[in-house]
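Spelled out, the chains give:
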Amino acid sequence: AQKVTQAQTEISVVEKEDVTLDCVYETRDTTYYLFWYKQPPSGELVFLIRRNSFDEQNEISGRYSWNFQKSTSSFNFTITASQVVDSAVYFCALSEARGGYQKVTFGTGTKLQVIP
Amino acid sequence: GAGVSQSPSNKVTEKGKDVELRCDPISGHTALYWYRQRLGQGLEFLIYFQGNSAPDKSGLPSDRFSAERTGESVSTLTIQRTQQEDSAVYLCASSSGPLAYNEQFFGPGTRLTVL
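Residue numbers (our numbering), protein chains in the order written: chain A, 606 to 721; chain B, 465 to 579.
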């Protein structure tokens, strides 16, 4: 069965510190996708990144970077030089194909608080 | 273009009453999801519509919950005989298809409070 674990419930950092949000997943599929979403205090979830199971290249987008390691079933998210605007709940999700349907499993989220 | 919209944004009801929540997905999106998010919790999958196929209802917590979707447009989530434990934010999301790589676009949610 598919499962996504975000063991860190809440993290607090001081502005400009780097922070890594962990995501560990379980699946029996060889083809799947991993996502990160951000839910700011306003409440609306926003898509951040997608990664397919065959692409283990790390990705960097500005202050954000993602490290996908199939060997440890992890897809971690690092924010460099954090800012107050990064304060949000971050969700990791696993997506698989199921007979014409998309099966998406979300983690429980990590609440990040960036203190000025 | 317009994103996913939901109405009402807030709903306060008395225990035992029925409520209906509405979701307007992004035009052209064939997939539509409903989730429940209790205060400080993660997303709990409720139901998934994909085009004209039979919906995946595996997440509905009880037979008091039901949902409909007209073609590839509006969806309504109905909760009958509401209970206090139904209090939560109900999120709707849509995506452009059933493939595993499709990201979801979320609405702002409906905050339901059952007194």
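A portion of the hints provided could be inaccurate.
[Unchecked claim] Between beta-carbon pairs, the in silico distance windows are:
#1 Glu661(A) with Leu579(B): 48 to 54 Å
#2 Ser676(A) with Val476(B): 33 to 39 Å
#3 Lys481(B) with Val690(A): 20 to 26 Å
#4 Asn663(A) with Asn516(B): 37 to 43 Å
#5 Leu579(B) with Asn663(A): 23 to 29 Å
#6 Ala612(A) with Ser526(B): 25 to 31 Å
#7 Ala466(B) with Ile616(A): 46 to 52 Å
#8 Thr540(B) with Ile616(A): 15 to 21 Å
#9 Glu532(B) with Glu622(A): 43 to 49 Å
[Claimed, not checked] Some chain A residues near chain B, calculated using beta-carbon distances under 10 Å:
#10 Gln611
#11 Thr636
#12 Phe640
#13 Gln644
#14 Arg655
#15 Glu661
#16 Asn663
#17 Ile665
#18 Tyr669
#19 Gly705
#20 Thr710
#21 Phe711
#22 Thr713
Source of the hints: derived by calculation from the structure; they are not laboratory data.
All residues carry an ideal CB built from backbone N, CA and C; glycine is no exception.
Taking the hints in turn, this is what the structure says about them:
1. Glu661(A) with Leu579(B): 48 to 54 Å: With a Cβ separation near 51 Å, Glu661(A) and Leu579(B) satisfy 48 to 54 Å, so the hint holds.
2. Ser676(A) with Val476(B): 33 to 39 Å: violated, 50 Å
3. Lys481(B) with Val690(A): 20 to 26 Å: Since the Cβ atoms of Lys481(B) and Val690(A) sit about 39 Å apart, the hinted range of 20 to 26 Å is violated.
4. Asn663(A) with Asn516(B): 37 to 43 Å: holds, 40 Å
5. Leu579(B) with Asn663(A): 23 to 29 Å: Between Leu579(B) and Asn663(A), where Cβ atoms are some 49 Å apart, the hint is violated.
6. Ala612(A) with Ser526(B): 25 to 31 Å: holds, 30 Å
7. Ala466(B) with Ile616(A): 46 to 52 Å: Taking Cβ atoms as reference, Ala466(B) and Ile616(A) lie about 34 Å apart, which means the hint is violated.
8. Thr540(B) with Ile616(A): 15 to 21 Å: violated, 37 Å
9. Glu532(B) with Glu622(A): 43 to 49 Å: Distance hint for Glu532(B), Glu622(A) holds at roughly 48 Å.
10. Gln611: holds, 8 Å
11. Thr636: holds, 7 Å
12. Phe640: This hint holds: Phe640(A) lies near chain B, its Cβ roughly 6 Å from the closest one there, short of 10 Å.
13. Gln644: holds, 8 Å
14. Arg655: It holds, given that the least Cβ distance between Arg655(A) and chain B is near 6 Å, below 10 Å.
15. Glu661: Constraint on Glu661(A) not satisfied, violated at 16 Å.
16. Asn663: violated, 19 Å
17. Ile665: Interface hint status for Ile665(A): violated (19 Å vs cutoff 10 Å).
18. Tyr669: Violated: closest Cβ of chain B sits about 16 Å from Tyr669(A), beyond 10 Å.
19. Gly705: Since chain B brings a Cβ to about 6 Å from Gly705(A), closer than 10 Å, the hint holds.
20. Thr710: holds, 8 Å
21. Phe711: Holds: closest Cβ of chain B sits about 4 Å from Phe711(A), inside 10 Å.
22. Thr713: holds, 4 Å
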